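Read off the chains here:
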Amino acid sequence: QKEVEQNSGPLSVPEGAIASLNCTYSDRGSQSFFWYRQYSGKSPELIMFIYSNGDKEDGRFTAQLNKASQYVSLLIRDSQPSDSATYLCAVNPPNDYKLSFGAGTTVTVRA
Amino acid sequence: SAVISQKPSRDICQRGTSLTIQCQVDSQVTMMFWYRQQPGQSLTLIATANQGSEATYESGFVIDKFPISRPNLTFSTLTVSNMSPEDSSIYLCSVWQADTEAFFGQGTRLTVV
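Respectively, the protein sequence lines represent chains A and B.
FYI, this note's numbering numbers position 70 of the first sequence as 70, with every residue one higher than the one before it.
FYI, this note's numbering numbers position 41 of the second sequence as 41, with every residue one higher than the one before it.
These are calculated hints, taken from the structure and not from any lab test.
Since the structure is predicted, the reported quantities are computational estimates derived from the model, not experimental observations.
A hint or two may mislead.
Lysine to aspartate or glutamate pairs mimicking EDC-like chemistry, simulated, CA-CA at most 20 Å apart [unchecked claim]:
#1 A:K98 to B:E58
#2 A:K67 to A:E5
#3 A:K67 to A:D96
#4 A:K98 to A:E5
#5 A:K98 to A:E45
#6 A:K2 to A:D27
#7 A:K67 to A:E57
#8 A:K98 to B:E101
#9 A:K2 to A:D96
#10 A:K56 to B:D99
#11 A:K67 to A:D27
#12 A:K56 to A:D78
#13 A:K67 to A:D55
#14 A:K42 to B:E101
#15 A:K67 to A:E3
#16 B:K7 to B:D26
#17 B:K65 to B:D87
#18 A:K98 to A:D27
#19 A:K98 to B:D99
#20 B:K7 to B:D87
#21 B:K65 to B:E54
#22 A:K98 to A:E3
#23 B:K7 to A:E45
#24 A:K56 to A:D83
#25 B:K65 to B:D11
#26 A:K56 to B:E101
#27 A:K2 to B:E58
#28 A:K42 to B:D87
#29 A:K98 to B:E54
#30 B:K65 to B:D99
#31 A:K42 to A:D83
#32 A:K42 to B:D11
#33 A:K56 to A:E45
Starting from the given sequences, assemble the full structure and let the hints guide the process.
Right, here's the structure in full:
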């Protein structure tokens, strides 16, 4: 079983819609959860991080964490063509700063 | 956020040669890491760059192939030695800020021919 799994893409959504990205992790003790956006040919850019169960909102982005289900998601509201990118979920284990990454989900926002 | 500068941004190298990648951070950071992203793949951790001591390598990565230096809390280098086409990847350094957020440099795109 992979440490971090993301829903397979690509995900295509119309402009203005909500894009929903999912991520599950295997280490129940994982403590920090990150979402990165990576444009083609560029390095990953941190969008959000979340530590506690529940929702965390930042602008059009909402991260949701459910530790009991070992599940973290990212919602992108009012999707824009500029949101078209690969989104990477990353997790770090307790008392460690090493990140394990999912395979990524490619999102395409149709104008 | 921490400003991370990587050099070179890209390079094309002959097989059998070595390339040293530099990572400079604008502030002192405790934790610094090197990752690799092979074409079409996600990121894989190569090693933790430890200041003043030998790097800690992940399974599948060895010091002879990827020697790392970390002379101080703002700078590190990764060398890709005796390169083969399979080493063609993006190499990224990463730092943690305030123990809460992990940021990446712009990456070094390496092509081995």
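Hints the structure fails to honour
The structure conflicts with hint 30 only, although it agrees with all the remaining ones.
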